[in-house]
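*Asks:* Protein chains in written order, with the working numbering: chain A, 4 to 449; chain B, 8 to 576.
Quick caveat, the hints were computed from the structure, so don't treat them as lab data. Treat the hints with care, since some could be wrong.
What the hints assert, rightly or not - Derived Cβ-Cβ restraints for the label pairs, each shown as a range: (1) B:Thr337 to A:Glu247: 54 to 60 Å; (2) A:Lys442 to B:Thr337: 44 to 50 Å; (3) A:Ile444 to B:Val518: 20 to 26 Å; (4) B:Ile358 to A:Gly189: 51 to 57 Å; (5) B:Val518 to A:Lys11: 34 to 40 Å; (6) B:Arg537 to A:Lys201: 30 to 36 Å; (7) A:Ala229 to B:Arg289: 27 to 33 Å; (8) B:Asn481 to A:Asn141: 24 to 30 Å; (9) A:Thr82 to B:Asp44: 54 to 60 Å; (10) A:Gly189 to B:Arg289: 58 to 64 Å.
Said to hold, decoys possible - Derived DSS-like pairs (lysine-lysine); straight-line CA-CA distance at most 25 Å: (11) A:Lys260 to B:Lys548; (12) B:Lys553 to A:Lys418; (13) B:Lys264 to B:Lys304; (14) B:Lys264 to B:Lys28.
Please read these numbers as outputs of a predicted model, since none were measured by experiment. Beta carbons: idealized from backbone N, C-alpha and C, even for Gly.
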Amino acid sequence: MAYEEPVKDYDKIVENCTCAFCGSNCDDLDILVKDNHVAGVRHACRLGASKIMEDEDQRLLVPMVRDENGELVEVDWDTALDKAAELIAGSIRPVFYGWSETSIEAMKPGLELTELVGAVIDNQATICHGPTVQAVQNVGYPLMTLGEVKNRADMLVYTGSNPMNAHPRHLSRYTTYPKGFFRRRGRFDRTLVTWDPKFSDTAKLSDIWVPFEENGDYGFCNAIRAVLKGKELKQDVISGIPKEDIYELTEKMKNTKFGALFFGLGLTHTLSKQRNIDIAIQLVQDLNKYTKWVLLPMRGHFNVNGFNIFMSYEMGFPYGVDFSRGYPRYMIGETTTIDLLNRRECDVFMVIAADPGAHFPGGALAHLANIPVIQIDIHWGPSTEMADVVLPGTFIGVETAGTSYRMDSVPLYMKKAIDPPETCREDEWIVNELLQRVKNIKEASK
Amino acid sequence: MEYILKNGIVYDPVNEINGEKKDVMFRDGKIVNSVSDSAKILDVTDKLVMPAGVDVHCHLAGPKLCVGRLYRPEDERKGVKPKTDITRAETGFSIPSCPATGYRFSRMGYGTVVEAAVPPLEAKHTHEEIIAIPNIDIPPLTLFGNNWFVMQFAKEGNIEDLAAFVSAWLKITKGYGVKIVNPCGSEAWGWGGNVHGIDDPAPYWDVTAREVIRALAQANEMLGLPHSIHVHPNDLGHPGNFPTTINTIDCMKDIKKNSEYRNQTIHLTHAQFHCYEGTSWRDVTSGAQPVADYINKNDHVTMDLGAVTLDETTTMTADGPMEYDLYELTGLKWANKDIELETASGLVPFIYSGRNPVHSLQWAIGLELALMVENPWQVALTTDSPNAGPFIRYPRVISWLMSNKRRMEMMDNKEVHGWAAKKSALATLDREYDFYDIATITRAAPSKIYGFEDRGNLSVGSLADIAVYDLEPNNFDPTVNAAAVENAFSNALYTIKDGEILVKDGEVVKVVSSNHVHTEVQGFEDQEKRILEQIMPMFNKYYTVKFENYIVHDHYAEPSTVYKVNASK
């Protein structure tokens with residue numbers, strides 16, 4: 004990594020901004036502002052800094068509507084909003100997907116619009132930590148806030164996740180390196196363990212690396228539970244790990260003072276899916292018979308957890324909520340986005356602050372290509388290529404203030420540091436406009 | 008807008024009005040003693056009129072609730088109601104969605120409901136939920152009992168600094184009063200432990216529940232807060248816990264009250280869970296008598312019931328270790344949520360059943376307490392919703408309190424297990440509450456306990472928060488008509504909030520925003536500033552959020568009702 008001169012040319016510093024990248028929601032960023040542009044960011048990791056600094060790259064700046072030739076052409080706001088409202092008002096089975104990279108304030112009118120037209124509202128949990136939510140509903144949810152780990156934990160286990168790449172400040176700010184109240188020597192007072200088939204960057208830093216086989220997660224957790232319950236392991240090698248190692252690790256886990264397990268999509272999306280999480284949660288519950296253990300899913304987007312919380316308190320269900328019958332329904336596999344697309348049920352798709360074009364399976368995308376798609380976003384991406392109406396939003400946490408929920412459900416009010424580009428509008432404003440315009444269309448047709 | 012509620016039978020214990028036929032008049036949201044000729048007349052001839060209900064202790068908004076909703080879709084699928092032109096869709100039974108919570112309280116004639124436990128770090132979340140709950144005013148209580156700063160001040164016996172801290176933190180969290188849950192025990196849960204009794208010190212901090220409770224009470228009285236400390240004592244739900252309960256309230260005896268309106272210096276919450284005698288669930292019996300005897304002899308304590316309603320529900324409390332015990336007992340899915348430097352919490356679904364001996368005994372104890380404590384001004388009706396049962400069951404508890412016949416019937420017909428009669432004194436208690444008593448424990452006493460002079464009564468100048476029920480007290484015998492009582496209290500004829508008709512004939516006809524009700528201490532600013540400077544190094548080092556992002560910004564608490572407290576008085 005080449006040496007970079009520190010940024011010295013700036014007008015002001017906006018302190019304690021919250022990072023709008025991953026679920027760590029670091030709230031200690033100092034944004035250096037010059038001429039209403041971000042000149043530099045202090046304290047952020049490379050992921051967060053690059054998102055905040057290079058925001059102008061491929062930025063969507065004006066509303067666009069796709070013309071008869073299939074080209075996106077620039078239009079004024081009224082035209083674009085009317086077109087989008089018309090599509091929504093005329094649809095039978097609309098799906099409003101995304102929301103994980105926008106604020107709670109934008110979700111509110113979004114939900115109102117959903118209730119008005121009887122749409123399905125869903126977020127990225129449907130393709131990432133959905134199995135986690137299912138498992139939580141099966142067996143429980145022993146959580147903590149990250150400060151508990153910082154102050155107390157002497158053993159940390161990361162599995163199915165690689166925070167050094169995906170949540171780069173997780174170890175340094177919350178779990179492993181900081182000097183906590185009861186862990187005054189920071190890293191030296193803690194044992195870091197990684198369970199992962201790959202020798203990931205996190206594994207490289209760990210005191211113990213357990214490279215179980217791919218899809219070996221369930222068997223491995225099961226073996227530890229068996230040992231905890233005093234059973235003898237009958238096989239010499241389980242999920243690729245010698246049984247002596249499992250006995251030794253179990254003993255270590257039992258004899259910590261405070262342990263924390265963090266898991267990511269490596270667990271939710273391998274062979275046993277939500278059953279992996281079931282057994283991980285049960286393992287933590289069992290360990291509490293001996294000492295204190297907690298766990299936390301490593302949520303990806305900065306407000307993916309926020310959407311699940313928002314929907315739970317507003318309507319009682321976390322994601323994939325269908326209002327077509329006038330009351331909320333939540334049935335995984337039936338009211339979830341991918342299934343609706345695969346069954347070709349959806350006839351208008353609105354995506355806000357997400358990029359299904361980059362992440363959805365081919366079958367779902369094939370249907371998306373055939374139906375009208377409305378996009379509310381700040382960057383040009385694969386989804387823009389499929390969109391029929393493009394509405395350029397603003398960057399929460401940099402250009403617009405708003406509420407988000409960290410992966411451990413701590414709510415944060417994200418400040419704004421600069422003004423948004425003049426031609427863009429806040430997500431909340433856009434969704435509200437759509438709501439009003441759809442209301443007007445519905446009124447007129449009565 | 009002016010209104011006259013005409014010819015109702017009014018029960019207003021604060022003004023000692025006991026079933027008088029009279030008119031209630033209100034204008035612009037307040038009760039008045041005269042209105043002009045153009046006032047709109049609401050004819051409620053011979054119907055039961057009371058101030059709107061005030062609930063002293065309910066879990067209805069905040070992070071715990073949300074974990075519950077997220078992990079119990081099976082509960083959310085109960086109680087589903089489609090949207091109407093006025094109301095949004097409803098979901099949930101024990102942990103209803105926010106809109107459903109507001110509508111249901113409103114339908115029961117309630118106007119003010121206290122959210123009983125707010126962890127300061129996640130107070131924004133509670134206020135976000137209050138924004139989503141319509142039609143009721145919500146004062147949140149802020150959790151202090153296991154806060155590291157509090158434990159440190161209590162250990163040093165530094166009451167003035169503690170008072171400054173409490174005053175600052177109530178402003179930061181936009182809270183109404185001081186809640187204490189299993190003091191020192193939830194901190195011990197940080198290491199998977201618990202404390203037992205009030206003299207068992209918290210690990211490391213080496214401070215006892217007795218010291219923490221006394222220190223917080225002294226700070227509370229130094230500030231002259233409208234509510235006393237609100238205490239969930241140690242050993243909740245453990246057989247043999249009643250001495251801990253008595254010790255907890257007794258350790259407050261010498262503390263001087265600094266509030267004109269309320270009488271108590273300690274409020275004992277969900278007392279039912281704290282009145283067990285015995286050594287295990289096999290030999291457990293009711294411990295209600297000694298606790299009630301103590302309360303009857305001492306007026307520095309008030310309590311709410313935490314009455315068991317025999318439903319499937321969701322338990323949730325900041326008493327983290329208790330929830331793990333419950334998980335070990337039932338094996339049902341356990342959720343936990345520890346909050347850095349502040350508290351713990353946990354959830355477990357629970358299925359109370361009349362066939363179960365212990366649950367039946369718990370049911371009996373909740374009612375026993377209400378019937379044994381002689382002065383209804385020391386009692387408030389709660390189910391610690393949703394812990395002992397969901398709040399929509401309040402009318403059922405009312406019907407039990409009003410009818411000895413119904414209680415005996417339940418014991419005779421085996422609707423509850425034989426333990427209810429055998430291990431408690433319920434079968435020997437023939438006291439029956441009348442409408443005046445019910446108005447006291449659901450309106451007057453709660454508002455007095457909280458120092459609300461402007462609600463829970465129909466005095467001129469008070470908020471026009473009024474409930475009318477479809478019962479004619481002069482032509483109706485509640486002692487033999489339990490089902491009719493329950494039905495009437497479940498579906499108010501009118502619920503009026505701030506002078507607006509929100510419910511008519513049991514249906515929500517208008518939806519308004521809820522007020523965030525909080526206190527603001529004045530005259531303590533210098534001390535607050537000094538204490539904030541003093542604790543900031545520790546705050547910055549051990550919290551994972553910046554102080555600037557920790558506080559609840561004003562826009563999270565709008566609209567609000569602020570009770571200003573003069574600390575220098």
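*Asks:* Hint by hint, note whether the structure agrees.
*Replies:* Results of checking the hints against the structure:
no.	hint	result
1	B:Thr337 to A:Glu247: 54 to 60 Å	36 Å, violated
2	A:Lys442 to B:Thr337: 44 to 50 Å	48 Å, holds
3	A:Ile444 to B:Val518: 20 to 26 Å	24 Å, holds
4	B:Ile358 to A:Gly189: 51 to 57 Å	45 Å, violated
5	B:Val518 to A:Lys11: 34 to 40 Å	55 Å, violated
6	B:Arg537 to A:Lys201: 30 to 36 Å	53 Å, violated
7	A:Ala229 to B:Arg289: 27 to 33 Å	31 Å, holds
8	B:Asn481 to A:Asn141: 24 to 30 Å	55 Å, violated
9	A:Thr82 to B:Asp44: 54 to 60 Å	55 Å, holds
10	A:Gly189 to B:Arg289: 58 to 64 Å	48 Å, violated
11	A:Lys260 to B:Lys548	21 Å, holds
12	B:Lys553 to A:Lys418	12 Å, holds
13	B:Lys264 to B:Lys304	17 Å, holds
14	B:Lys264 to B:Lys28	37 Å, violated
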